[in-house]
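There are 2 protein chains.
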Amino acid sequence: MAQKPSIPKGTRDFNSEEVSKRNYIIDTIKSQFQLFGFQPIETPSFEHSDTLMGKYGDEGDRLIFKILNSGEYLKGVDETFYLNIIRIQNLIRDGYERLLKHLKAQNDLNSLFERDEQGFMELINEWKIFQDQDYELFGFRKSYILLKLSRAFYESNFGENKNLSYSYTGLLVKEILDKYIRESSNKIVSSISEKALRYDLTVPFARYVVQHQNDIEFPFKRYQIQPVWRADRPQKGRFREFFQCDADVVGSTSLLQEVEFIQLYDAVFTSLRLEGVTIKINNRKILSGIAEVIGAQDKLIDFTVALDKLDKIGEEKVKQEMRNKGISEAGIENLQPLFALSGDFSSQVESLKSILATSDIGQKGIEELQFISDAIETLGLKTAKLQLDVTLARGLNYYTGAIFEVSAPEGVKMGSIGGGGRYDDLTGIFGLKNMSGVGISFGLDRIYLVLEELGLFPETVSEQTKVLFINFGSKEAMGCLKAIKALREKGVKAELYPDDAKMKKQMNHANRRNIPYVVLVGEQELEASNFTLKNMASGEQSTLSLSDLLQKLS
Amino acid sequence: MAQKPSIPKGTRDFNSEEVSKRNYIIDTIKSQFQLFGFQPIETPSFEHSDTLMGKYGDEGDRLIFKILNSGEYLKGVDETFYLNIIRIQNLIRDGYERLLKHLKAQNDLNSLFERDEQGFMELINEWKIFQDQDYELFGFRKSYILLKLSRAFYESNFGENKNLSYSYTGLLVKEILDKYIRESSNKIVSSISEKALRYDLTVPFARYVVQHQNDIEFPFKRYQIQPVWRADRPQKGRFREFFQCDADVVGSTSLLQEVEFIQLYDAVFTSLRLEGVTIKINNRKILSGIAEVIGAQDKLIDFTVALDKLDKIGEEKVKQEMRNKGISEAGIENLQPLFALSGDFSSQVESLKSILATSDIGQKGIEELQFISDAIETLGLKTAKLQLDVTLARGLNYYTGAIFEVSAPEGVKMGSIGGGGRYDDLTGIFGLKNMSGVGISFGLDRIYLVLEELGLFPETVSEQTKVLFINFGSKEAMGCLKAIKALREKGVKAELYPDDAKMKKQMNHANRRNIPYVVLVGEQELEASNFTLKNMASGEQSTLSLSDLLQKLS
Chain W
80 MAQKPSIPKG TRDFNSEEVS KRNYIIDTIK SQFQLFGFQP IETPSFEHSD
130 TLMGKYGDEG DRLIFKILNS GEYLKGVDET FYLNIIRIQN LIRDGYERLL
180 KHLKAQNDLN SLFERDEQGF MELINEWKIF QDQDYELFGF RKSYILLKLS
230 RAFYESNFGE NKNLSYSYTG LLVKEILDKY IRESSNKIVS SISEKALRYD
280 LTVPFARYVV QHQNDIEFPF KRYQIQPVWR ADRPQKGRFR EFFQCDADVV
330 GSTSLLQEVE FIQLYDAVFT SLRLEGVTIK INNRKILSGI AEVIGAQDKL
380 IDFTVALDKL DKIGEEKVKQ EMRNKGISEA GIENLQPLFA LSGDFSSQVE
430 SLKSILATSD IGQKGIEELQ FISDAIETLG LKTAKLQLDV TLARGLNYYT
480 GAIFEVSAPE GVKMGSIGGG GRYDDLTGIF GLKNMSGVGI SFGLDRIYLV
530 LEELGLFPET VSEQTKVLFI NFGSKEAMGC LKAIKALREK GVKAELYPDD
580 AKMKKQMNHA NRRNIPYVVL VGEQELEASN FTLKNMASGE QSTLSLSDLL
630 QKLS
Chain S
80 MAQKPSIPKG TRDFNSEEVS KRNYIIDTIK SQFQLFGFQP IETPSFEHSD
130 TLMGKYGDEG DRLIFKILNS GEYLKGVDET FYLNIIRIQN LIRDGYERLL
180 KHLKAQNDLN SLFERDEQGF MELINEWKIF QDQDYELFGF RKSYILLKLS
230 RAFYESNFGE NKNLSYSYTG LLVKEILDKY IRESSNKIVS SISEKALRYD
280 LTVPFARYVV QHQNDIEFPF KRYQIQPVWR ADRPQKGRFR EFFQCDADVV
330 GSTSLLQEVE FIQLYDAVFT SLRLEGVTIK INNRKILSGI AEVIGAQDKL
380 IDFTVALDKL DKIGEEKVKQ EMRNKGISEA GIENLQPLFA LSGDFSSQVE
430 SLKSILATSD IGQKGIEELQ FISDAIETLG LKTAKLQLDV TLARGLNYYT
480 GAIFEVSAPE GVKMGSIGGG GRYDDLTGIF GLKNMSGVGI SFGLDRIYLV
530 LEELGLFPET VSEQTKVLFI NFGSKEAMGC LKAIKALREK GVKAELYPDD
580 AKMKKQMNHA NRRNIPYVVL VGEQELEASN FTLKNMASGE QSTLSLSDLL
630 QKLS
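As you go down the protein sequences, you meet chains W and S in turn.
With positions in the first sequence counted from 1, the corresponding number in this note's numbering is that position plus 79.
With positions in the second sequence counted from 1, the corresponding number in this note's numbering is that position plus 79.
Just chain W, same shape as in the assembly (with noise of 0.2 Å):
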């Protein structure tokens, strides 16, 4: 390999200082998960693919990274793709073989070809060839076989030249052929690839808690922090590997849950110093109780698309598209006082038990909304806020109850850097029943950004090498080596310079690293047991025993 090696596109390397920065918003949000009491969870990062595919909706199956079986890849493959393309060849040839007999007993070739479509067919069709088999190809229309067929007869000088015959045939062989193979692939992989990257950290959570009913205390209360794997087109801030951290809760309905994970948020981007921002939230009832009230429940995804886009598009697009997607005019007349919601909590949800008067779940939504911000409002919340946003859907449809997602403080230019909600039925597609689940989940790679523009992380964060000895040689290294070794248990981060190099090679290394000082030991030193310690940013020097140095540094 002579070019320069690279990676491939939509995942990333990171060097120390990007490394040491994700710990730093990594351990933060453990942190605050373990002081809610949240347990860590651990799963594979391939699972079988059918706890996998089916899960996330056709676009989800697409993007799902899926592993070849081991061994012999073609193995498992049915010999019907193999019988297939002979026989697609099989067909083709017997086809044009059979044509050829029977237009060569026509008297008048030349007339034939001068026929419209039309009158071609019917001649075939009184000829009654291939009627006796199945010859409409993988989804080939039958005049459309039999136009190329009689086309390679025409082309070849009525059959004569072999080789052109072949080539007319082979060619439509070909694109048959193709046709099928491009449609096959999604046959064939399940038989050649029975493992799959995890998508994202609720399926597979979903997967533990049913294998491992019997030995959880319910309610669980687990985070999960690791990477998953998407093959969706790499573009600016979006990755095909990115780590999640969720918490999630299984198997308790109450909405103190949905009060926890609201503090949970604002604990979390307080710690991080990320002050201000807001937490929307929402309830899948309320958006059943507006589909309901101007009559489009069964528009309900429709409904919720469209009004998921009102800050993007504005109102009047929204409408449109609405119409568009077969919503009464009335229907959008009623929707009119939800336009024009604005005010506090409070005053929202007043206007909202009014349009939603009629909708009994729509009511049960704003039960729901009033309890977890009646419970917000005595807590109080440290630097967030709280924030109703009935156009919030989040386009996941297994969301039943609450939903959330925070913004990044107003003034930065960020999607969403949070998210979650309350799915009633999370264990369900793997036969565990009645398991409501309410989780949420951090954008890590977003917060990294927002974190990153505000200048928000801790100077200390990247901290590495406190000290770098210089190696005047092997005998005073030795020297180097014994203080290193005390530094060290003193938990200082301490390293010599391995090579008798230059002094200024050696120096420079420290300032590239930017290690904040230097210890010096020549012959002279070593003599006296002392150390030259240098301060490489004012330059300052000093001469140390060391015991000296040990508390200079530590």
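Hints listed in this document are in silico derivations from the structure and should not be mistaken for laboratory results.
Bear in mind the structure is a predicted one, so any value in this text is a computation, not a measurement.
Just so you know, not all the hints are guaranteed correct.
Any copy will do: because identical chains look the same in the list, a pair fits if it lies in one copy or spans two.
[Unchecked claim] Dumping the calculated SDA-like pairs for lysine to any residue here, alpha-carbon to alpha-carbon at most 25 Å:
| hint | residue 1 | residue 2 |
| --- | --- | --- |
| 1 | Lys-512 | Asp-129 |
| 2 | Lys-109 | Ser-350 |
| 3 | Lys-109 | Pro-306 |
| 4 | Lys-241 | Asp-173 |
| 5 | Lys-443 | Ser-553 |
| 6 | Lys-572 | Thr-349 |
| 7 | Lys-569 | Gly-355 |
| 8 | Lys-253 | Glu-158 |
| 9 | Lys-315 | Tyr-103 |
| 10 | Lys-391 | Leu-420 |
| 11 | Lys-253 | Asp-173 |
| 12 | Lys-564 | Gly-355 |
| 13 | Lys-391 | Gln-314 |
| 14 | Lys-554 | Ala-607 |
| 15 | Lys-464 | Leu-530 |
| 16 | Lys-88 | Asp-157 |
| 17 | Lys-266 | Glu-254 |
| 18 | Lys-396 | Ser-486 |
| 19 | Lys-572 | Phe-297 |
| 20 | Lys-88 | Gln-292 |
| 21 | Lys-241 | His-181 |
| 22 | Lys-398 | Gly-410 |
| 23 | Lys-83 | Ser-128 |
| 24 | Lys-545 | Asp-578 |
Guided by the hints, dock chain S onto chain W, whose structure is given.
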């Protein structure tokens, strides 16, 4: 999915206790890595296939997990593959028809089948059928194919029974096809899979260094703690997904690195309270020297593989294996002092000096060992001991200098819990020459088992929630949440039982989760702003104010 879900063989779910214990080991290793001046990097879970393939030998290539290209999986397959499938069919069919024609022209068909194979082939050759095309198909002998075809002719009543002809030639097609497909697997895989899961951390590190060489300040000391994947046959203690914890230095040939790595092993295992591990050391140059002295330079690998088994199979069997591999009796004779090597480090080194007196490279190896051993003697080790082990080869052919392996304290049955060495040309595979590397690795899973066996995990490691507040209803719950908020701010892991369930159920929950304290706030306590704290182990109860509660628990 009605059946209970499961995970792929060789992978693991980790529960809360396991995650905590694993993190305890990882965090201990990580903080020592940092004290020694190593900087973290992380690389993607998957790399371009050609970054990994061919780096670990044939066996390694086989064990690398390949990821299917997304989208139309079969799109990338060279069409030659499909055309060959068709070609197999066509050639057999054409061949059969030609043979049919010739055979039918024979007067005495029955006598034809009485000939032996040789005679039959001669006849066939005389007829000169198939001469104009390539009919030696995919390794199947011409005579075999002709015999099968003539059998089809014979069994189908001299070609009269078309169905039987078709069945017999079909069987032959299938047989050839199966072999062709089996043998195509490896070729096909490169067109349907361009990414593969990381197999170790060393090759991705080498790739990282070359790719980012302009941003890296050398010598570069990096650590990396990430999972790797191998499609090994799973067995006790061997997994398909496991963590590696590696520290390497690249860009320095100084032997002080080896000295530092020995100290690092000592520091980590001492921190883990795993005292008395043995750090075994050897040097590839000594192995080369020995091979030279016994005249088996060209058999260095066979020789080291055999020597490596000394512990397991004993001196006699090792000698037998060497004889089998063609090492001369005189050579094995010269080895005798090696088998008798004993005593402390220095006396072993003295024996080696005389054994290797005539080998330059051997002498160089001894010098290196001596330097390292002297340095370690000067600096001292806390709890580990350093041992020379000339049988240590670690199977890996890329080591060029020091070779390390760590074994658990005596009495613990466990393979090596760490290993490493120096490789002079780490990055050469990616085109960056003359970069010496040296590194070590910690075996997380085995260290876990050893700590578990010896009861060395600190009790606090898996300590979760410290106090559970019992839920007596929503009014009381709100009072609890206020106290819980205050506790969390003081760093106490505190939770409210989410549902207003029966008291007994809630107490059981605390018990099953080993939560040491519960707090009871009934109507009375709520009114008096009091908290009844119960110690779950002693049963002791006391009623406290909020500030006393905070003080007591934090």
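Going down the list of hints, with the structure as the test:
no.: 1; hint: Lys-512 x Asp-129; result: within (19 Å within a copy, 46 Å between copies)
no.: 2; hint: Lys-109 x Ser-350; result: both (11 Å within a copy, 23 Å between copies)
no.: 3; hint: Lys-109 x Pro-306; result: both (15 Å within a copy, 20 Å between copies)
no.: 4; hint: Lys-241 x Asp-173; result: both (15 Å within a copy, 14 Å between copies)
no.: 5; hint: Lys-443 x Ser-553; result: between (78 Å within a copy, 18 Å between copies)
no.: 6; hint: Lys-572 x Thr-349; result: between (29 Å within a copy, 17 Å between copies)
no.: 7; hint: Lys-569 x Gly-355; result: between (39 Å within a copy, 22 Å between copies)
no.: 8; hint: Lys-253 x Glu-158; result: both (19 Å within a copy, 9 Å between copies)
no.: 9; hint: Lys-315 x Tyr-103; result: within (23 Å within a copy, 36 Å between copies)
no.: 10; hint: Lys-391 x Leu-420; result: within (17 Å within a copy, 79 Å between copies)
no.: 11; hint: Lys-253 x Asp-173; result: both (16 Å within a copy, 20 Å between copies)
no.: 12; hint: Lys-564 x Gly-355; result: between (45 Å within a copy, 19 Å between copies)
no.: 13; hint: Lys-391 x Gln-314; result: within (20 Å within a copy, 54 Å between copies)
no.: 14; hint: Lys-554 x Ala-607; result: within (14 Å within a copy, 72 Å between copies)
no.: 15; hint: Lys-464 x Leu-530; result: within (18 Å within a copy, 46 Å between copies)
no.: 16; hint: Lys-88 x Asp-157; result: between (32 Å within a copy, 23 Å between copies)
no.: 17; hint: Lys-266 x Glu-254; result: both (20 Å within a copy, 24 Å between copies)
no.: 18; hint: Lys-396 x Ser-486; result: within (23 Å within a copy, 70 Å between copies)
no.: 19; hint: Lys-572 x Phe-297; result: between (44 Å within a copy, 18 Å between copies)
no.: 20; hint: Lys-88 x Gln-292; result: between (39 Å within a copy, 20 Å between copies)
no.: 21; hint: Lys-241 x His-181; result: both (17 Å within a copy, 22 Å between copies)
no.: 22; hint: Lys-398 x Gly-410; result: within (10 Å within a copy, 91 Å between copies)
no.: 23; hint: Lys-83 x Ser-128; result: between (35 Å within a copy, 15 Å between copies)
no.: 24; hint: Lys-545 x Asp-578; result: within (19 Å within a copy, 50 Å between copies)
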